[in-house]
Every structure is written in C-alpha cells, then in structure tokens.
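Participant: Next come the chains, spelled out residue by residue.
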Amino acid sequence: MTDQQPILFIDLGVGGMTCDDCVVHVTEALESVPGVEAATVDLPTRSAVVTARSDVEGSALAQAVRTTGQYNAFERGRRATSGE
Amino acid sequence: MSDAFDLLILGSGSTAFAAAIRAADLGARVAMVERRTLGGTCVNRGCLPSKNLIEAARIVHEAAHPRYAGLAPADVGVDFGALVGQKDEVVRDYRAKKYASVAGGLTDLELLEGDAAFTDPHTVQVGDRVVTGDRILVATGSRPTIPPIPGLADVPYLTSDLLDADEVGRLTELPASLIVLGGGYIAVELAQMFSRLGSRVTIVARSGLLSGYEPDLGQTLADAFTAEGIELLTEARADHVRGDPRGVELAVEQAGAGRVVRAARLLVATGRTPNTDTLGLDRAGIKIDGDGFVPVDAQLRTSQPHVWAAGDVIGRQHRSQMATPVGARQGRIVADNAFADAARAFDGSVIPRAIFTDPPIAVVGETEAEVRARHYPAVAATTPLLYVPRAGAVHKTTGFVKFIASTIDERVLGVHIIGEAAPEIIHEAAMAMKFKATLADFVDLIHVYPTMSEALKIGAQAFSRDVTKLSCCAE
Numbered sequence: 038m039t040d041q042q043p044i045l046f047i048d049l050g051v052g053g054m055t056c057d058d059c060v061v062h063v064t065e066a067l068e069s070v071p072g073v074e075a076a077t078v079d080l081p082t083r084s085a086v087v088t089a090r091s092d093v094e095g096s097a098l099a100q101a102v103r104t105t106g107q108y109n110a111f112e113r114g115r116r117a118t119s120g121e
Numbered sequence: 124m125s126d127a128f129d130l131l132i133l134g135s136g137s138t139a140f141a142a143a144i145r146a147a148d149l150g151a152r153v154a155m156v157e158r159r160t161l162g163g164t165c166v167n168r169g170c171l172p173s174k175n176l177i178e179a180a181r182i183v184h185e186a187a188h189p190r191y192a193g194l195a196p197a198d199v200g201v202d203f204g205a206l207v208g209q210k211d212e213v214v215r216d217y218r219a220k221k222y223a224s225v226a227g228g229l230t231d232l233e234l235l236e237g238d239a240a241f242t243d244p245h246t247v248q249v250g251d252r253v254v255t256g257d258r259i260l261v262a263t264g265s266r267p268t269i270p271p272i273p274g275l276a277d278v279p280y281l282t283s284d285l286l287d288a289d290e291v292g293r294l295t296e297l298p299a300s301l302i303v304l305g306g307g308y309i310a311v312e313l314a315q316m317f318s319r320l321g322s323r324v325t326i327v328a329r330s331g332l333l334s335g336y337e338p339d340l341g342q343t344l345a346d347a348f349t350a351e352g353i354e355l356l357t358e359a360r361a362d363h364v365r366g367d368p369r370g371v372e373l374a375v376e377q378a379g380a381g382r383v384v385r386a387a388r389l390l391v392a393t394g395r396t397p398n399t400d401t402l403g404l405d406r407a408g409i410k411i412d413g414d415g416f417v418p419v420d421a422q423l424r425t426s427q428p429h430v431w432a433a434g435d436v437i438g439r440q441h442r443s444q445m446a447t448p449v450g451a452r453q454g455r456i457v458a459d460n461a462f463a464d465a466a467r468a469f470d471g472s473v474i475p476r477a478i479f480t481d482p483p484i485a486v487v488g489e490t491e492a493e494v495r496a497r498h499y500p501a502v503a504a505t506t507p508l509l510y511v512p513r514a515g516a517v518h519k520t521t522g523f524v525k526f527i528a529s530t531i532d533e534r535v536l537g538v539h540i541i542g543e544a545a546p547e548i549i550h551e552a553a554m555a556m557k558f559k560a561t562l563a564d565f566v567d568l569i570h571v572y573p574t575m576s577e578a579l580k581i582g583a584q585a586f587s588r589d590v591t592k593l594s595c596c597a598e
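These protein sequence lines map, in sequence, to chains A and B.
Residue numbers for the first sequence, in the numbering used here: 38 to 121.
Residue numbers for the second sequence, in the numbering used here: 124 to 598.
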C-alpha cells in the first residue's frame, strides 16, 4: 500500500443488473476491492464510475463483480479526477 | 447515442446477433453494421427460404410419385410466383421475429446501415458516419463465389441470392430449363428443388457430387437425381459461357470431349467467398489469408488483439464450418472472451451438418478418409437402410448409414447418413459423440420401433453381427 498512487476515475460497463438491489450488490462488490475509495453504479446506463488508486487493475474490479455470480463488469477506460 | 461503442460488429447475421445479445447481457454498448438486409444470409437468402421451397417441391414430387400401390399420381400444379410470395412472407416474418424485434429489444444496440471500412484499428467509416469500437467483431459472412469462366460476366446468371425476398437478385419466374454449375451442398439442394418444381435441370460439376464428404453419399445422391430426370455432367470443366436470345449456353469439357449445354437460366453455385475484400482490414492491421479468410486463434482473436472474427469469414479453421449455428456459437464465445475474460476456445469436433436433398444427407465427425489420413486405427461399416424396418414399411429404403469407429476403444469417430429423416436422427449421433460414446452405447440404447433412428442402432451392430438376420427391434 502506498499513498503516492494518484486517484483517478475508472469507467466500467456493467451487465446483468435489473433493479436497485443489483446496484447495491455491484457497488458493494466494487468497494470491496483494495484501493477503491468509492463506486457509483448507474442502472439505466449499465455503467459504473469507480474512484480508485491508479494501481487498481480493471481485472480486479471485473473479478469482484463477477464473483457475485450474477453480474459482469469490464473496464472502459480511466481518466483523471481533475477533469474530463 | 455516442459514436463510440464497446463492441462494433461488422455484419448482422447469426454470428453478429449471438455476439450482440451476449455482449449486451454483459453490459456492453453494441453497434452492428449491415450493408444488405438485416439478418444475413441464413434468414434472407440461405437456409430458411431454401428449406421452405424444398419442402414445397417435395410435396409436388411425392404427389406425382406416391410410392404406394393403390395411390394414384396427382399433379398438384405449381404457381411459382405464389410459392415465391409465401416464401417471401416466411422470410420477412422470421426476419422480424428473430432479428429485427430482438435487436429492438436490446438495450444499447444500434444498427448502422451501409458499407463498413476501417480507417484505423479502432475506427470504421459507415457511409458518412465515423464510429469507433473498443473491441470489434468481423462477422461479415460470405457470398457466392463467382468462378473465372470466360463470358460469365457478360451473361445474366443466378446465384443462391435468387432466394432473397427483398433484393434485386430474387427470382420470381420458374426457368423452363436450368444449368446448375457446381456440385456442392447448395448446388444439389437447389438443383433438385428446381427440377421438382418443373425446370429441366442439368448439373455441371468439376468433380462428383459433394466432394469432401464420404464418397458414397454423393454417388447415392447422383443415382437418385438421375432417376428423377436430373442430368448430371460430372468431372466436367466449364470452358466458357455465351448468351443467346433464348438463354445461356455453357461449353463444357468432359473426359477430353467438348459439348455445349443450353438452358434458359444459369445458376452459379460453386462455393462461398468470405466478405472481407472491401473492409480495409489492412488499415486495421488485420491479416487475411490468400482466399480472403481471416486467420484467428482458437479463441477467435485475429492478428489484431482487440479484433475478433467469427462465422463464415474464418472458413474451416479450428474445425469450424460455414454454417449458421456454428457462427452463432462463435459469436457468443467472442462476446464472452471480449467482455468477461472467459478465454473460451471454439470446439468444432462435433458439429452435425445436413444437406436437405431427397434423400437427405446428414453427417457428424470425421470421414473415413480423414481418419485414415491421420493414421488412426479405425474400422468402418456401411449398412443399407434396407435393413431398417421403418424404411421398408414406408417404402423409403434408399440410403445407408456409415459408422467409423476407433479399433482401440470402439469410440465412434464419424457417422454419415443418407436417407429418410437423416437431418433429424443425426442429432442422436452428435449427442452420443459429444459424450464420447462407443458403438456399444448405440446398440445398448433401446430405440423406438419403427423409426429411422434405429438405423444408428443397426449401423452400430453391423460391426459385430450380421444385420441381415436381426429380428424386430434389432435385438
């Protein structure tokens, strides 16, 4: 663990969500990954924005979501928290 | 919607749809590009319309040749235009139900109409629009191969596109006579269909019928065709084509001698060419082989890591086949690999395949020649359908079943059938082979009496018993 790692936004596509409970489950899964500060999951656009240290791998986020057994996630890209 | 997609699919056939549905399930934003009619070859101008008209042709033929003493031949009359009209309705109905409404029901799927051409590895131009795909699937299918025969470009000719319901290549008038150039599965299906609907048909084939299949299948079919009045010119080379006021004439060289075949129309059915030539694949760094097929690894990834290819465009790699359900399976695999890191490989070892002639043909697994070529110890047995009780009961004894089995463990390696109901009963063999069944497993299963599926039980028994001396139910 290092505090030197910059914080950034990681955009994810999320599949399999049908209701608000799903949003809660996916959010919890994403926030369980070490290095993740927060996750915002959006049902209508089937996507999530994760605020995380830059060393957090997209595969770790995807794996955490897939481990629920019901949902899928994949990384779309990452961007700086300072702006678009 | 944005012009940036998680998955950009070139093509809209069974491969594309399976990939789109699965990718959407996995959370992807998907776009599909189609330059012709939504749905691809199968629903518009392939499997579906051909099976519709082939069944109509069977009804016509069976009415005229009822097989049973006591049934008088009848002429049911053929209104070809009306037949084509109902076929078009079936095509449009299936296209609406299985493609258009499915696409409409998917979240985040956009359909783009037009020719697609890569401008760089992630960017595709579709008409005036520029779209990007983080991941891309090339599933553009195939089209009829047009052989380089002198004069062909100067005469009007038909291809399997004649089956289409809504494109210019569609056929609405029954030709009085027809030359079918080719001896593959499309050529034989359409040749018999036209013959039974009333055309005088001549097949001109470079080798025999159905080369690449078990040789006896093509020979049995050739005998059936000849008996129906279809003229067969095999081992024949098409030299040149010329148009005349009444139709076309094809100059053919056969066994060193030349002859000219004349007919009202010419149908070219000499194979399928992958639709990869106009895509600008080189600008995306995607390699193709000398025949235009896209090389892929077992997980269907091309030479460009973010681009996959599936369906007809990969040809016969990894034991794939150019067939609708094969493409659909591959499309799903691509979506799983692209968005769920599934690392799934395509397994083409057990794929049943059928040719909807009469008698129909169905095969699964290897031919005897393929097994011999890899020097695997195997034994083969061919059993005429004459020994299948149902075949005799309904006066449809033409055909045989051929098994190829390992001599090491009696595992079944291939099953090849020509005869009544072959496209249905092949699934028993395919399922058995999927679970690595032996000859004994086929024999052990109690089969319904009297069914054509008993051919599998009897065919498997032929390795160890004299099947001419079986009692009822093959026990």
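It is possible that some hints are incorrect.
Claimed, not checked - Under 8 Å between C-beta atoms, here's a sample of chain B residues computed to sit facing chain A:
id: 1; residue: Asp-129
id: 2; residue: Ile-144
id: 3; residue: Asp-148
id: 4; residue: Gly-150
id: 5; residue: Ala-151
id: 6; residue: Cys-170
id: 7; residue: Thr-230
id: 8; residue: Asp-231
id: 9; residue: Asp-257
id: 10; residue: Ala-463
id: 11; residue: Asp-464
As the list claims (entries may be wrong) - Negatives, chain B to chain A, calculated, CB over 12 Å:
id: 12; residue: Leu-149
id: 13; residue: Leu-356
id: 14; residue: Gln-427
If you're looking for bench data, these hints aren't it; they were derived computationally from the structure.
What you are looking at is a predicted structure, and each value in this text was computed from that prediction instead of being measured.
Just so it is clear, CB atoms sit at the ideal spot from N, CA and C, and this is done for glycine as well.
Participant: Minimum Cβ separation between B:Leu-149 and chain A greater than 12 Å?
Facilitator: violated (4 Å)
Participant: For the restraint on B:Ala-463, tell me whether the closest CB of chain A is nearer than 8 Å.
Facilitator: holds (5 Å)
Participant: Against chain A, does B:Leu-356 hold up as non-interface, every C-beta pair farther apart than 12 Å?
Facilitator: holds (55 Å)
Participant: Would you settle whether the hint for B:Asp-231 is holds or violated, based on the nearest Cβ-Cβ distance to chain A being less than 8 Å?
Facilitator: holds (7 Å)
Participant: Please verify that the nearest CB of chain A lies beyond 12 Å from B:Gln-427's CB.
Facilitator: holds (18 Å)
Participant: Would the stated hint for B:Cys-170 survive a check requiring a Cβ distance to chain A of less than 8 Å?
Facilitator: With a minimum Cβ separation of about 30 Å from chain A (threshold 8 Å), the hint on B:Cys-170 is violated.
Participant: Does the nearest C-beta of chain A fall within a distance shorter than 8 Å of the C-beta of B:Asp-148?
Facilitator: holds (5 Å)
Participant: With chain A as the partner, please determine if B:Thr-230 meets the hint condition of a C-beta pair closer than 8 Å.
Facilitator: holds (7 Å)
Participant: For the hint on B:Ala-151, does the least C-beta distance to chain A fall short of 8 Å?
Facilitator: holds (6 Å)
Participant: If you take the shortest Cβ to Cβ gap from B:Gly-150 to chain A, is it below 8 Å?
Facilitator: Nearest chain A Cβ about 3 Å off; hint holds.
Participant: Is the shortest C-beta separation between B:Asp-257 and chain A less than 8 Å?
Facilitator: Cβ of B:Asp-257 sits 7 Å from chain A, so the hint holds.
Participant: Does the interface hint hold: is B:Asp-464 within less than 8 Å of chain A, judged Cβ to Cβ?
Facilitator: B:Asp-464 check passes; min Cβ-Cβ to chain A is 7 Å, inside 8 Å.
Checked against the numbered hints given earlier, the structure breaks hints 2, 6 and 12 and satisfies all the rest.
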